[in-house]
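Student: Line by line, the protein sequences are chains R and L. Just so we're aligned: 226 in our numbering is position 226 of the first sequence, and the numbers increase by one with no gaps anywhere. Just so we're aligned: 197 in our numbering is position 197 of the second sequence, and the numbers increase by one with no gaps anywhere.
None of these hints come from the bench; they were simulated from the model. It should be emphasised that the depicted structure is a prediction, and the values quoted were computed from it without experimental measurement. Some hints here could point you the wrong way.
What the hints assert, rightly or not - For lysine to any residue, the following SDA-like pairs were computed, each having C-alpha atoms within a straight-line distance of at most 20 Å:
no., chain 1, residue 1, chain 2, residue 2
1, L, K310, L, N247
2, L, K133, R, V52
3, L, K310, L, V288
4, L, K133, R, L183
5, L, K167, L, T199
6, L, K133, R, A205
7, L, K167, L, H192
8, L, K167, L, G298
9, L, K167, L, R195
What the hints assert, rightly or not - A short list of chain L residues far from chain R (calculated; beta carbon distances all over 10 Å):
no., residue
10, P27
11, K167
12, V288
13, G308
What the hints assert, rightly or not - Now the stretches of chain L that chain R is said to cover, found in silico as 3 or more residues with beta-carbon under 8 Å:
no., stretch
14, 68-79
15, 94-102
No residue lacks a Cβ here, since even glycine has one placed at the ideal position from N, Cα and C.
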Amino acid sequence: MRREPPRRAADYAPLVFPALMLLVFFVVPFGTMVAVSFFRRQPGGFYTPDFVLGNYERFLSPFFGNVLAFSLALATLAAICAVALAFPFTYLLTRRPRRVQTRWLIGLLSLLSLSEVIIGFAWSTLFSRTAGITNLLVALGLMSQPRALLPSFGAVLTGMVYQALPYAVLVLYPALVRLDPTLIEAARTLGAHPARAFFNVVVPALRSTIVAALIMVFVFELGSYLLPQILGRPQHWTLSVLITDQAIYQSNMPFAAAMALFLVLLSLALVGLTLLIGRKEGAA
Amino acid sequence: MTGLVLRDISKRFGATTVVDQVQLTVPEGGFVCLLGPSGCGKTTLLRMIAGLEAPSTGAVWLDGEDITAVPTHQRNLGMVFQSLALFPHLSVGENIAYPLRIRGRSRAEQARRTEELLNLIHLPGFGDRPVAKLSGGQRQRVAIARALALSPRLFLLDEPLSALDAKLREAMQVELRQLQQRLGITTIVVTHDQREAMTMADLVVVMGEGRIRQVAAPIEIYRHPADAFVADFIGSTNLIELQLDANGRAWAFGCALPGLLAQGPGRATLSIRPEDLQLTAPGDGAPVGRVSFVRDLGATIETFVEVGGKVLVAVTTPRARAQAQPGDAVGVVLPPENCVVLAS
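Work the whole structure out from these sequences, hints included.
Tutor: In structure tokens, the structure reads:
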């Protein structure tokens, strides 16, 4: 197919519809949020148009700084755990017959239909003292009596990794399925133990895919606000929880908008930095 | 005894037998080609020698030691894959040094050996280039160098030259053979290209349907094929039905073939190479046919002759004789010294 550069205004016509949708459903709401973040809050009411930096100033307190740092750390950790689990799983899956692969992928896709609420309450049952997995461990004689595993940081992390796992697998799968299986065989004939061959041939050969999966899961987890509330203590709450709290329960839209904007900019900066480091290493 | 010995190797995948009771001895320093059409089990056999597949039955012996249960990474072999399997994230030098790095050799030794191998494959100074920047022939050489880095006991190549264009392939065949002779390393190459096998090997193993059909020197296989399968697969040939009478005389197309003796009575198949088939003026008691097509390729002329419902091909050089035209009647002479009677 030959592609000619667009010359007349009419050549841009196919772009009108997507551009319009983007404008109406993305640019306008985001612009509104940016504007609101500079508005003045009306105590007991809503907000009045203004240009104040107070919302951002309030944000620069140790409390919100800590919450932000915790949110970023939690999302990073969850992303690393999810990809670390998904990568070997997906690799082994691609070595199975086609039929087996299809079944697993359908199963994983159906997991995506579960809402965050259902995942949260399912795990809170599993981690509970009365009906949780510790009862199973007691039955097996591994524990003396059942105990509650939540609320805790581990419970929050488990829920978030569980939620992100299907996405990580689906991002990794296409690249792993295309990976030349003779690469690892070649490493074996050259004297590498299969496990070693996996780590110094398969993993580096797919570095950019792994980075892409990490970024995707990281961004996805940053928005998580139900699981920390269901499975964690207040100190495990993320910035997303605070944003919801400010926007809905405290009716402080300007402050919520300022926090949301800050979160977007910060995560964009982190993603950009990761890509930049990746490119530099690739060039070296 | 030294060298590679395959004892009664079979490989079954479910109900299909891919390799069927293969017995083979490869002398140390020998260059063997496993030759056969696709799906004949030659690649599976090579993978079993490498330890990438486990044989269903039988054993692999190397230098007097049973290595059937030894995992691939402890077999000390070098293998070149059809896809070459160069590591895309490593440079040329790092690819070649990979087996040395795995064995924990010092950086100085890695560098020295890599340098040595780059000179061996005529790519000095290429160490820092990324693999993706190389041409097909250069990648081929790098794969060979990497496989040879540890001076392996066994050098295995699976259709190594199939990705190259015809001219480069022929040049690489010669180069590979010379390299093998210089290093004196036991080498097994899988190929479906009989020209490749004849250029490189001192022993050709023809395989068909999972079994070994013939093991012999290349020219021996060409001159004295063991059966119709081998005769047909190695080069082109004319296969002619023979009737043998009680006196041991052979008949084809209703004419007696003088000088050709075989055990009779019964039927047999005669194989004669196109360059051995002679065309004369009709008469003299030779079978008579009609020229159906002439393919003039410049260096050679292929004349297609229809005799008794069968098309025979004769190849001659342009200067050898006057060219026959389609429609001409010609006598077909089968010189007995060039005919091979095959077991049916």
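Student: Taking 10 Å as the cut and beta carbons as the points, is G308 (chain L) off the interface with chain R?
Tutor: At about 50 Å from chain R, G308 (chain L) clears the 10 Å cut-off, so the statement holds.
Student: Hey, K167 (chain L) versus H192 (chain L), does the alpha-carbon distance stay inside 20 Å?
Tutor: Holds: K167 (chain L) and H192 (chain L) sit about 17 Å apart, inside 20 Å.
Student: Keeping to a limit of 20 Å between CA atoms, is the pair of K310 (chain L) and N247 (chain L) held or broken?
Tutor: Violated, because 26 Å separates the two Cα atoms, which is more than 20 Å.
Student: Taking only the CA atoms, is the gap from K133 (chain L) to L183 (chain R) under or equal to 20 Å?
Tutor: holds (18 Å)
Student: Are the Cα positions of K310 (chain L) and V288 (chain L) separated by 20 Å at most?
Tutor: Judged against 20 Å, a Cα distance of about 12 Å means the pair holds.
Student: Would you mind confirming whether the straight-line C-alpha gap from K133 (chain L) to V52 (chain R) stays at or under 20 Å?
Tutor: With a Cα-Cα distance of about 56 Å, the restraint between K133 (chain L) and V52 (chain R) is violated, given a limit of 20 Å.
Student: So if I understand the rule, the pair passes when the alpha-carbon distance is 20 Å or less; does K167 (chain L) with T199 (chain L) pass?
Tutor: holds (14 Å)
Student: Minimum C-beta separation from P27 (chain L) to chain R exceeding 10 Å: can you confirm that?
Tutor: Holds, because the least Cβ-Cβ distance between P27 (chain L) and chain R comes to about 22 Å, which exceeds 10 Å.
Student: Do three or more residues from the stretch 68-79 of chain L put their C-beta atoms closer than 8 Å to C-beta atoms of chain R?
Tutor: holds (count 9)
Student: For the pair we were handed, K167 (chain L) and G298 (chain L), check the Cα-Cα distance against 20 Å.
Tutor: holds (19 Å)
Student: With d taken as the least Cβ-Cβ distance between V288 (chain L) and chain R, does d exceed 10 Å?
Tutor: holds (55 Å)
Student: So is the stretch 94-102 of chain L in contact with chain R by the C-beta rule, three or more residues under 8 Å, or is the coverage claim wrong?
Tutor: holds (count 3)
In the structure shown, a violation is registered for the earlier hints numbered 1 and 2, in ascending order.
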